[in-house]
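When you get a sec, could you build the whole thing from the sequences and use the hints?
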Amino acid sequence: MRTVSSVLSTALLTTGLLLAGCGGQDAGQSATEPAASTAPAPRTAVASLAPTEGYETTGQVTFTEVDGGVRVEARVENLTPGPHGFHIHETGDCSAPDATSAGGHYNPQNTPHGAPDTTASARHMGDLGNIEANQEGVAVYDRTDPVLDLDMILGKAVIVHGGQDDLHSQPSGAAGPRVACGVIELQEAM
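Residue numbers (my numbering): 6 to 195.
Hints are computed from structural coordinates only; laboratory data are not their basis. Note that beta-carbon positions come from the ideal geometry of N, C-alpha and C, so glycine has one too. Each statement offered as a hint is correct.
Simulated restraints on C-beta separations:
| hint | residue 1 | residue 2 | range |
| --- | --- | --- | --- |
| 1 | Pro45 | Thr149 | 14 to 20 Å |
| 2 | Gly59 | Pro86 | 14 to 20 Å |
| 3 | Pro113 | Asn139 | 29 to 35 Å |
Okay, here's the thing in structure tokens:
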């Protein structure tokens, strides 16, 4: 009887140890932990907007690579209430008092000016449309643009205009003076 009891105790102890071992960690991960992602973090670029001479407009525009294009997020302050033209310009130079040093809209395909929700052949790559400032002069923009390519816009300028872009006048939408300018620069990965 004692032998049967000893064998049974040993069998139960061995089974318990085996089961405990199966629930343990493998290479530092539990069974419920997902494997670490090997995909690189999305690349991001930022333009810090500074006012042009005679204006107080400031803000920040962030460009992030996402599936389907580039996500454009902006917060702009000290605008007059209403719509304001919002574009990427061809040169990353905001040195002129009125930011004319930034050149015209970025247009590598030599296409007509148009709305941001049209096809690539019906708009400049730099045509982002309008941002709408509320009564406090703050405008927020968040849109994924399928035409933008982060590599192609690095080093270009973002311009906010004093008036509304009518989305059809050539060559630039008749949006009025340039009230803020910032250069698009790649952010270092963290």
